[in-house]
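K.L.:
As you go down the protein sequences, you meet chains A and B in turn.
For reference, each letter of the first sequence is one residue, going 1 to 90 in our numbering.
For reference, each letter of the second sequence is one residue, going 1001 to 1248 in our numbering.
Wrong hints could be hidden among the right ones.
[Unchecked claim] Below are the DSS-like pairs computed for lysine-lysine, each with C-alpha atoms no more than 30 angstroms apart in a straight line:
(1) B:Lys1166 / B:Lys1082
(2) A:Lys76 / B:Lys1094
(3) A:Lys73 / B:Lys1225
(4) A:Lys49 / A:Lys76
(5) A:Lys52 / B:Lys1028
[As the list claims (entries may be wrong)] Per the computed footprint, the stretches of chain B lying under chain A, defined by three or more beta-carbons under 8 angstroms from a beta-carbon of chain A, are:
(6) 1008-1014
(7) 1035-1048
(8) 1143-1153
[Unchecked claim] Okay, the calculated beta carbon distance ranges per label pair:
(9) A:Asn10 / B:Glu1110: 29 to 37 angstroms
(10) B:Pro1131 / A:Asp17: 32 to 40 angstroms
(11) B:Pro1131 / A:Asn26: 49 to 57 angstroms
Since the hints were made in silico from the structure, they are not lab data.
The model shown is predicted, which means the values in this text are computed figures rather than measured ones.
Here a beta-carbon is modelled for each residue, glycine too, at the ideal position from N, C-alpha and C.
Here's the letter readout for the chains.
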Amino acid sequence: MSVTINIHPNLLQFTNDQAVVEVNGNTVGQCLDDLVKQFPQIRQGLFGKDGKLLNYVDIYVNQESSYPGELAKPVKDGDELHITLIIAGG
Amino acid sequence: MLTGNELERYDRQIMIRGFGQEGQEKLKRAKVFIAGAGGLGSAVATYLTAAGVGVIRIVDHDRVELSNLNRQVLHWDEDIGKGKTVSATEKLRKLNPEVEIETIEEMITEANISRLVAGFDLIVDAMDNLPTRYLLNKVAVEKNIPFFHGAVYGFEGRAITIIPGKTACLRCVYRGAIREEKFPVIGITPAVIGCIQATEVIKYLVGIGQLLTNRLLIYDGLNMKFTEFRLKRDPNCEHCGKLARGKK
């Protein structure tokens, strides 16, 4: 299953400035695992030491919120993920 | 009833199709609560004051610092050291003396939030941290008060409009606390997002247009892109889940 991931600008430091990455997987979690396989440094930007998504990581599948339970959400060939980061400044 | 002075002051917006004198009277009758007089609060308060909202209450406990002035445009160099509510009131009253500006110099907490928002029709989130935003979201849901969320970081901002019991609330889509930090920001970002929040408030009060409900709008100033994501209510949301389940 080929899925496109759009990387948030603040995470580009972990993907050699690659804003769009093609990954494989049947769930959001598998897609993120493949992303980490391609760019191991991005793990620290997505996951805590407990392996859970960091609270400020926000994932959308085909422009729709995947929260809650995002890692288990199924994806299909051609789907598009957006990784955004929750911000709180005012 | 609008006075002759008000008819002249608001002439250009009264001309807008669907707005009219009736819309202006709705703004005049409205009481809007703005949480925060910083970057977002400066933009929201300025444009709601200019538009003629009847009563605006601004709550902020901070004092003006030099490092605020790149973005918090209600506060000027001469205001350094003053309470932000004092500084904001001085400017807003000069901008439009027809609007009643109320200010409260307090930190928003779980203990006082219910009292602070009592009697207000809308809550605007112009805060700089997520925990207070959750307090605002929760009280908005409990009291059934529409809530207008905005947040910024660097050249990026986001906004959501929340109608309690009807559309996704902040807690439906956000996982929990995030680390508080000194965040980078350029003044134009809260200006853009604050103006989007003010636009939503005016549309809601007048009853025109389509609100930013069940949608997250992300503004990327560096690439000059607006991206929209669809949101949905979480029936198990710890803030509005009871309302969602009650509707079934």
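K.L.:
Work down the list of hints and note, for each, if the structure agrees.
P.N.:
Going down the list of hints, with the structure as the test:
Of the pairs offered as hints, the one joining Lys1166 of chain B and Lys1082 of chain B is violated, with about 40 angstroms between alpha carbons and a cut-off of 30 angstroms exceeded. Taking the CA atoms of Lys76 of chain A and Lys1094 of chain B, the gap is near 57 angstroms; set against the 30 angstroms cutoff, the hint is violated. Of the pairs offered as hints, the one joining Lys73 of chain A and Lys1225 of chain B holds, with about 27 angstroms between alpha carbons and a cut-off of 30 angstroms not exceeded. Distance hint between Lys49 of chain A and Lys76 of chain A is fulfilled; the C-alpha atoms sit about 28 angstroms from each other, no more than 30 angstroms.
Distance restraint check for Lys52 of chain A and Lys1028 of chain B: the Cα-Cα separation of roughly 48 angstroms exceeds the 30 angstroms cut-off, and the hinted pair is therefore not satisfied. Counting residues of the stretch 1008-1014 of chain B whose C-beta lies closer than 8 angstroms to any C-beta of chain A gives 0; at least three are required, and the coverage claim is violated. With a threshold of 8 angstroms between beta carbons, the proposed coverage of the stretch 1035-1048 of chain B by chain A holds, since 5 of its residues qualify and at least three are required. Closer than 8 angstroms: that is the beta-carbon criterion, and the stretch 1143-1153 of chain B has 4 residues meeting it against chain A, so the requirement of 3 holds.
For Asn10 of chain A and Glu1110 of chain B, the Cβ-Cβ distance of about 31 angstroms falls inside the hinted range of 29 to 37 angstroms, so the restraint holds. Against the hinted window of 32 to 40 angstroms, the Cβ-Cβ separation of Pro1131 of chain B and Asp17 of chain A comes to about 33 angstroms, which satisfies the hint. Against the hinted window of 49 to 57 angstroms, the Cβ-Cβ separation of Pro1131 of chain B and Asn26 of chain A comes to about 36 angstroms, which falls outside the hint.
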